[in-house]
Amino acid sequence: MSRPAGRSSTWGRIAGILALATFMGSPPAIGAQELRIGFVAPITGPFSQVGKDMVNGFQLYLDEVGGNFAGAKVTFLVEDEEAKPPVAVRKVEKLIRQDKVHMFIGGLLASTGYAIAPVSTRLKTVYVASIPASDDLTQRDAAKYPLMVRTGWTSSQPSHPFGEWACQQGYKRIVAIGADFAFGHEVVGGFQKAFEDCGGRIIQKIWPPLGTIDFGPYIPTIKKDADAIFTLMAGPMSLQFPKQLASAGIRLPVLGGGTSYDEFVLPSMGDEVIGHISALQYSAALDNPKNVAFVKKYREKYGKVPSYYSEANYSTAQMIHEVMKKTKGKWPGQEQFVKLLSSVELETPRGPVRLDEMRNPVHNIYIRIVRKKREHGYDKDELWNSVIKTYPNVGQFWKYKKEEFLKQPVYSRDYPPCKYCE
Amino acid sequence: MDSRRKLVIVIAALLVVLLITPHSGSYILVLVTHALIFAILAMSVDILLGYTGLPSLGQAAYLGMGAYLTAILAARFQFGLDGTFWLVVVLGILIGAATAALFGLFAVHAAGVYFLMITLALGMCVWGLAYRWNSVTGGDNGIVLPPRPAFGIELADDVTYFYLVFGFFVVSLVMMAILVRSPFGRSLVGIRENELRMRILGYNTWLHKYIAFIIAGGFGGLAGVLWAHAHGLVSTEDVVLATSVDALLMVVLGGPGTLVGGAIGAGIVVFLREYLSTFVPWWQYVLGGVYVLTILYLPGGLMSIPERIRSRRAQRAVIPAKAGI
Numbered sequence: 001m002s003r004p005a006g007r008s009s010t011w012g013r014i015a016g017i018l019a020l021a022t023f024m025g026s027p028p029a030i031g032a033q034e035l036r037i038g039f040v041a042p043i044t045g046p047f048s049q050v051g052k053d054m055v056n057g058f059q060l061y062l063d064e065v066g067g068n069f070a071g072a073k074v075t076f077l078v079e080d081e082e083a084k085p086p087v088a089v090r091k092v093e094k095l096i097r098q099d100k101v102h103m104f105i106g107g108l109l110a111s112t113g114y115a116i117a118p119v120s121t122r123l124k125t126v127y128v129a130s131i132p133a134s135d136d137l138t139q140r141d142a143a144k145y146p147l148m149v150r151t152g153w154t155s156s157q158p159s160h161p162f163g164e165w166a167c168q169q170g171y172k173r174i175v176a177i178g179a180d181f182a183f184g185h186e187v188v189g190g191f192q193k194a195f196e197d198c199g200g201r202i203i204q205k206i207w208p209p210l211g212t213i214d215f216g217p218y219i220p221t222i223k224k225d226a227d228a229i230f231t232l233m234a235g236p237m238s239l240q241f242p243k244q245l246a247s248a249g250i251r252l253p254v255l256g257g258g259t260s261y262d263e264f265v266l267p268s269m270g271d272e273v274i275g276h277i278s279a280l281q282y283s284a285a286l287d288n289p290k291n292v293a294f295v296k297k298y299r300e301k302y303g304k305v306p307s308y309y310s311e312a313n314y315s316t317a318q319m320i321h322e323v324m325k326k327t328k329g330k331w332p333g334q335e336q337f338v339k340l341l342s343s344v345e346l347e348t349p350r351g352p353v354r355l356d357e358m359r360n361p362v363h364n365i366y367i368r369i370v371r372k373k374r375e376h377g378y379d380k381d382e383l384w385n386s387v388i389k390t391y392p393n394v395g396q397f398w399k400y401k402k403e404e405f406l407k408q409p410v411y412s413r414d415y416p417p418c419k420y421c422e
Numbered sequence: 001m002d003s004r005r006k007l008v009i010v011i012a013a014l015l016v017v018l019l020i021t022p023h024s025g026s027y028i029l030v031l032v033t034h035a036l037i038f039a040i041l042a043m044s045v046d047i048l049l050g051y052t053g054l055p056s057l058g059q060a061a062y063l064g065m066g067a068y069l070t071a072i073l074a075a076r077f078q079f080g081l082d083g084t085f086w087l088v089v090v091l092g093i094l095i096g097a098a099t100a101a102l103f104g105l106f107a108v109h110a111a112g113v114y115f116l117m118i119t120l121a122l123g124m125c126v127w128g129l130a131y132r133w134n135s136v137t138g139g140d141n142g143i144v145l146p147p148r149p150a151f152g153i154e155l156a157d158d159v160t161y162f163y164l165v166f167g168f169f170v171v172s173l174v175m176m177a178i179l180v181r182s183p184f185g186r187s188l189v190g191i192r193e194n195e196l197r198m199r200i201l202g203y204n205t206w207l208h209k210y211i212a213f214i215i216a217g218g219f220g221g222l223a224g225v226l227w228a229h230a231h232g233l234v235s236t237e238d239v240v241l242a243t244s245v246d247a248l249l250m251v252v253l254g255g256p257g258t259l260v261g262g263a264i265g266a267g268i269v270v271f272l273r274e275y276l277s278t279f280v281p282w283w284q285y286v287l288g289g290v291y292v293l294t295i296l297y298l299p300g301g302l303m304s305i306p307e308r309i310r311s312r313r314a315q316r317a318v319i320p321a322k323a324g325i
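Residue numbers (the numbering used here), protein chains in the order written: chain A, 1 to 422; chain B, 1 to 325.
One should not assume that every hint holds.
[What the hints assert, rightly or not] Have a look at the derived ranges for each label pair, beta carbon to beta carbon:
| id | chain 1 | residue 1 | chain 2 | residue 2 | range |
| --- | --- | --- | --- | --- | --- |
| 1 | A | R299 | B | V136 | 45 to 51 Å |
| 2 | B | I11 | A | K100 | 47 to 53 Å |
| 3 | B | K6 | A | D63 | 56 to 62 Å |
| 4 | A | K339 | B | N134 | 33 to 39 Å |
[To be verified] What the simulated footprint calls covered on chain A by chain B, stretch by stretch (three residues with Cβ under 8 Å from a Cβ of chain B suffice, anywhere in the stretch; the number is not a length):
| id | stretch |
| --- | --- |
| 5 | 80 to 87 |
| 6 | 103 to 117 |
[Claimed, not checked] Example chain B residues on the side facing chain A (calculated, C-beta under 10 Å, incomplete):
| id | residue |
| --- | --- |
| 7 | N134 |
| 8 | N204 |
| 9 | T205 |
| 10 | G232 |
| 11 | L233 |
| 12 | E237 |
By construction, these hints were calculated from the structure, which means they are not laboratory data.
Where is the CB? At the ideal position from N, CA and C, for every residue including glycine.
Chain B with its partners taken away, still in its complex shape:
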């Protein structure tokens, strides 16, 4: 599929989401908003997993930093509830990036399973901090946020908030898409494919990975700010390991190294989790089954389906031709 056709499909899909969602019931609206926020988080994981080859199991930490920052500023200092909301967005991105810059010093040296373990441990540090530092984070109670900001635009209205999140999602998608197509993004893919070779070619691979790690952290922080206001509650459940695992699995499900795949994965996981669980108590098995089947039969994720269909068709086209000879 050429890239222009891909672009048209992505834009069409985005338009459909944009046009349909506001008219599809207030619960669907909330779910789509949640899915878009997790899509930003999943795409940030994809930068690491899909493009750089670093499986991060600690992405919830950056979401948590952004979310807790937003919640603490809003609930304790009434800050970010008017035009200063935009400042909080910037601060959220910065705190996510700064945390990643700190964690990256420990994590980026490692690769493969070791990278997985270190990011997991660092993520748990943030969880521990949120759980034990009662006076600041509210511990197990979490922090309940005041109503959403209003600055001429009433974000308390769910439709308006959806448009805002949608806007941030599109901007994030475009920025990340540009990033991965830039020479820097190509160098990340090079590192994923053969780090030694890249090093011999003269690239400072550590620095490249470190910068990718920080960028992913920044997008994680952004997702956190949006999540805090979407949900109205920030608690330790947001920074548990399960959130990081979810983000990673969204990417695996959708297709690593595609960006859009992470977004699709986020949509599927959020809807399965929230909808299925209202019908059956064993919804977790279904979700688990979907993951297992994807990894076994679609290692490239859902995004690899068109490619597989095409190659199958091509094969079929070749066989009769051969028979004809």
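The shape of chain A in the complex, shown without the other chains:
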């Protein structure tokens, strides 16, 4: 049965869809003095607080300079990667193919870093890893990603000096409990290597999966005769673990990777974390003038203390601005941009930063203890990561020789092997 009216509407629909498809596919034009920056961060899901801190950090710097990097108007495009590596890959592809960005920044998890760095090589676009700390991006696999620069850190970078520090404090036997993913393996691995090289022993390793909220099955297995616990938590795990540890009545000293006590979660924590010690390249309590100004501005605008996630992206924006100053606002091409960014030396809120020849930052590592006190002239007692020791200018290989270090496999669940596990 033929119905002319019905058929024409079908054709109309098809035409409409086609028009829509071509419209969606048309690329936006790139202006000569425009810098298009794509940014991926987890805006939804359990890691959204971290994602907000990341975006806010970058945005704060952009607002300071009026969205203008030495004459280049910055177009800042944020995409939600949901803290899932495959989603991050798709969003990055969208940013490159659809939005024609000059570079993309961000990603949260170390596994996301490993997933999106190859996209930068494949689609020939600059990737600035401001957060993903996956060791091998700037170590064994660095040659595979010529268009990647890291402005953040490698996971094991703070762990190396921290391992030695712990050993010097007289701890002999430590239990490690860390989130079961690349970042956790690398932070714990770095700590174990330095700690055992100095004479300490890791006597037990426990790996709860990333995103664990209930540590009921894990806490009771912790060996009570250890000298201390080394913990590495990420995202919402950070908040839950110390609470449950305290309520289980375990009173051992607690050391931790930086993200376990980072300021993204510190304000929501209770007094049970007072005295816990961690190592990172940043603390909101740092009292250099750059940081004091940064904390004040950030807090005024977003109502909370900045975390390392905010600082890393704020500094990244600052470093990109530095490059654009040198090129007078012109996009210098991918290779040249990577070269210029790798040679930036800058005072940032975390202290002086420069990049090594494998495009990873060399910066201070701070050993920090959680204290309840007043900082930066705020009139209330709050939890802060007070710095008790500074290791200046720490690189990703620390005291180890680069060649020898690169010969060992990347830190994983099984490396370094647990020689002293009981």
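Given chain A, work out where chain B should sit, using these hints.
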């Protein structure tokens, strides 16, 4: 609608996709490629859900087996990056089918909600394996694949890869369409409608369901091989429950028991998910709303719309006629 007219519409739609996609921007190209791969997966679910009446919540397992096989062979052994790609396709189908043959032994005995639960559990087993067996699967990091195969044909080129996926999609569609119209396919529908009766008529219904389950697994494996190379990354996220749920919902959205419906559902879900999420952070509510509204008001899926319009018109035509009397 007679079947010839249906055929013409499907062919016209396929031609439109084939002709328009390569000229519509490189991101659209990628999305259409993804949608076609998920369409194969969704159609394989439809064989179970729409024709046999078995709601499978574990289809991501077969996609995962195919994808991990491809990734492991390519990344660890540099295998399947030249002409051997075709061998990997065959192996991918076989591993999907073999996994389904194993899982089917447990699952096919059950029906309804129990089938749903068992397939869910078996799917989670594959996820657990992918997550914990670090040395082989890369655990949470997943496996990054080397550049796509080249064997005279450069699959690294996105347009070429789209043509390849399109080809596999059409072949899958035709094969499944022939399958469901064959006497075997009719027996599956018979089982869906009244299994007891089929058994009394002398059919070995268990065997029929088991074979359908294996065939669906094979197509799932094929989708996995294509997905691995399309995405360049295989990770545990590909085998999570959400992927299986997505595949099931694509079928429900498009219309179960139509094959084409699954493909349409896949297109809608992929585009909504990837496009909407770039505009609004609450895109998941929209997707959820679409699902709920479809199930409430269009239990037959989008494919049932023409039928409903026709029956409404027929009703309207009848009422004035009655009034005339």
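If you look at each residue in the stretch 103 to 117 of chain A, do at least three have a Cβ nearer than 8 Å to any Cβ of chain B?
holds (count 4)
Could you check the hint for me, namely that A/K339 and B/N134 are 33 to 39 Å apart, CB to CB?
holds, 36 Å
Residue hint B/T205, partner chain A, criterion CB-CB below 10 Å
violated, 38 Å
Within 45 to 51 Å or not, the Cβ separation of A/R299 and B/V136?
holds, 47 Å
Are B/I11 and A/K100 spaced within 47 to 53 Å by their CB atoms?
Given range 47 to 53 Å: violated, Cβ gap about 35 Å.
Using the beta carbons of B/K6 and A/D63, state whether their distance is inside 56 to 62 Å or not.
About 57 Å separates the Cβ atoms of B/K6 and A/D63, which means 56 to 62 Å holds.
Holds or violated: B/G232 as interface residue toward chain A, Cβ cutoff 10 Å?
Cβ of B/G232 sits 7 Å from chain A, so the hint holds.
For the restraint on B/E237, tell me whether the closest CB of chain A is nearer than 10 Å.
holds, 5 Å
Given a cut of 10 Å on the nearest C-beta pair, is the interface hint for B/N134 held or broken against chain A?
holds, 6 Å
Please check whether B/L233 passes as an interface residue: C-beta within 10 Å of a C-beta belonging to chain A.
holds, 5 Å
Has the stretch 80 to 87 of chain A got at least three residues whose CB is nearer than 8 Å to a CB belonging to chain B?
With 5 residues closer than 8 Å to chain B, the stretch 80 to 87 of chain A meets the three-residue bar; holds.
Restraint outcome when B/N204 is required to lie within 10 Å of chain A by C-beta distance:
violated, 41 Å
Of the numbered hints stated above, those contradicted by the structure are hints 2, 8, 9, listed in ascending order.
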